[in-house]
Amino acid sequence: MSSMQEARSRAGAALVVLASLVALAWYGQGQLIYSLAFLYQIAQAVFPALSAFRGGP
Amino acid sequence: MSALEIALRLGAWLICTFFVLALAALIHRQLPLGRPALSAVSLILLVIFLTTLFVFLAGLLGLLRADSLAVIGFGGLVLMAAIPPWRKSLQQIPHDLSASVTDLRRFWSSLPRWLRFFSVAAVLASLLRFAFLIWALPPFVWDSLTYHLTNVAHWTQVGRIELFDTPILRIYTPANYEVLATWFTVFLHHDAFVETAGLPAYLLALVAVYACARSLGCSRPASWMGAMAYASTPALLLATTGTKNDPHIAAYYLASLALVLDLAGKRPPVHPRQSLSSLVLLSITLLLAAGTKAYIAHLLPGLALTALLIPGMRRALPHWRARLAEAAQGWRSLAASTRLSLLLLLLGAVLLGGYWNVRNWALTGNPFYPYGVTIEGARIFTGGERTARLNLARLAENLESLADKFGDAAGPIEPDLPETTGWGWFFYGLGLPAALWVGLTRRSFLPSVLGFLLSLLVLMLSIRPSPFNMRYLLWFPAVASLAYACWLDDLPSRPRVLPIVALVAFSVALALNLAMSLNYSRVSLDRFGLVLERPLWERQAALLKLNMPSEYEHAILFAPASEPLGYNVGSNGFIYPLYRADLSQRLVYVPVSESDDCPSIAARMRERGTRYLFVAEGHTPGQIISRVRVCAQDGGSLAEQSRGLYVINAGS
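Taken in sequence, the protein lines are chains D and B.
FYI, the numbering used here numbers position 8 of the first sequence as 8, with every residue one higher than the one before it.
FYI, the numbering used here numbers position 36 of the second sequence as 36, with every residue one higher than the one before it.
Among the hints, a few may not be true.
So the derived label-pair ranges between C-beta atoms look like this [as the list claims (entries may be wrong)]:
{"hint": "1", "chain 1": "D", "residue 1": "Gly-28", "chain 2": "B", "residue 2": "Gly-34", "range": "39 to 45 Å"}
{"hint": "2", "chain 1": "D", "residue 1": "Leu-21", "chain 2": "B", "residue 2": "Gly-411", "range": "51 to 57 Å"}
{"hint": "3", "chain 1": "D", "residue 1": "Ala-43", "chain 2": "B", "residue 2": "Val-358", "range": "50 to 56 Å"}
Short, incomplete list of chain B residues facing chain D, as computed with Cβ under 7 Å [stated by the list, open to error]:
{"hint": "4", "residue": "Ala-409"}
{"hint": "5", "residue": "Trp-437"}
{"hint": "6", "residue": "Glu-617"}
Calculated from the structure, these hints are not laboratory results.
Nothing here was measured: the structure is a model prediction, and the numbers come from that model.
The beta-carbon is built from N, C-alpha and C at its ideal position, and this holds for glycine as well.
Hey, can you work out the whole structure from these sequences and the hints?
See below:
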């Protein structure tokens, strides 16, 4: 692979990785709270002290 | 059920399982594919197909009972052992197994160490999740409780596959999934493990995505990561144990795609037997799908497009002609007995693919009953309570609806996918950017992308616009998983930060997908606690108060299981919970209209052989509930025994 191709491949990969992080953040805005809701319930059951924190999912 | 009875029933199940597995192994040996991944697809597919066919034939003959099935299974095993060529073939099973173990070892050793650890953790977590949900919860997903499991319960109860009197006409729709689900109820005469019926499809879909990725030229580790990513799709995870048929259609679509990609990408010289095997398996898969849900027909143009584009449009015709010629050559090279067994196999597939529609055509004049069919305003088939439409206005409406659901921002992902796609963290976070990149930069991937998109568009020409219609698209996220697998192989190892960030993001996305599907986003920890207080055999669908009106609980508690229970629900009401978990409750439909007077309602109940009438808010039309209530007032023909449960007044 020529150095030009290599640089292009790295730039492409970096672009996709960056886009992925942005996309994850965008998706997480809507879904993070729902995704963790049941784990939070379990954590509350295991560690009752967590219930003291308000504003959980 | 006594311990002895459970042991005997489990024994019958075991015998029949051995019978189906042995038969699948025999046929699998006759259909060489030359690639371990495709060979695994073939084996899983054959097990699903033969199990369905076995239950189907026994059901048509009225032999759906644990003892009858055990006798057939045992007889089949003895027959296989008695016929010399079959016995010889059976004796090869250990050799085949050891070859499979070698393939698995090669696969495993190709994975980097971190991926092995991750895979073990992911597989264990998935197994535990599936096992817990199947064990803990009774069925609760809407369509299952209206018609999928109603068929299963009735067939298991009467020991025969048949139609029956019910207001839910969707029991007429193609029912191969329900036949397979019956395998999980008939032996124990109980629904404790009926949610397992989706697992074979889940496994098939997982392996099919792996095989597709391998056909697209991806390495083993990248293909496996793509397959795991697809397997983590929340919509698929939730539907797998949701007793619905959509995971099966997704699996059949992806298995067909794996076979098409292999056939379309083959370069000469090709072994004639391999082309024959692929074409036979492709026919079986599509016929099995046709008898499962009609929308597989809408996905076929996408598959066909992929099949044409991979060899190139100009070379497509000679390419496929060559594959057919090889298949014909392979057919001629077979021994007469092998040809006969493959013909019987195809005959079974035609039966499973066509029975339901031919039966409906013969009985109602409409093969798609209860759906009338309209194409761009022209009525093609009439009859039935619903209409399947195929038109451009619907496409626009569905695409608009998809745009609204895109990103799953409307709420939690639940089994019915209300206002969400259910495609999850991986699809949106990693799969979509990879699909855009790979689609633009890798020409060999383009035919698959276009095929997926065409399948989506044709499907959207016809599906009914509704908040819940994304279940028909469970197969679609696979395109992003395949793209991701292709992209991974191009991921440079330097600078180190790129692969590290990419792989951490992959692990996090899959973990979050799993986390959001742990409790179907519906069952609270307290609810789990309440369900688990009951023994396994007493976990009734009617008692799981997620979407169940209290009338169902009352019916289970107060209607005597020894007498037939009359019911009246509308065309989208729950029937299944009334059967009880052990499927012991006999049910009869009692038609009631608002113009009926009280004595004639009571007379109709007697005519149908029941003293009881069940109605429920939200499931029985309101005017009928009011009518029945009036009859129970002031010592009329009926008396209200408990909420929603009426009994003929002794004095009337």
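Cross-check of the supplied hints:
One distance hint, 39 to 45 Å for the beta-carbon pair D:Gly-28 and B:Gly-34, holds here, with the actual separation near 43 Å. Here the CB-CB span from D:Leu-21 to B:Gly-411 is close to 24 Å, at odds with the stated 51 to 57 Å. Judged by the Cβ atoms, the range 50 to 56 Å given for D:Ala-43 and B:Val-358 holds: they are separated by roughly 55 Å. Residue-level restraint check for B:Ala-409 holds (minimum Cβ-Cβ distance to chain D is 3 Å; threshold 7 Å).
Hint on B:Trp-437 holds. Least Cβ distance to chain D is approximately 5 Å, under the 7 Å limit. The beta carbon of B:Glu-617 is not positioned within 7 Å of any beta carbon in chain D (closest approach about 29 Å), and the interface hint is therefore violated.
Going down the numbered hints, you'll see the structure goes against 2, 6, while the others check out.
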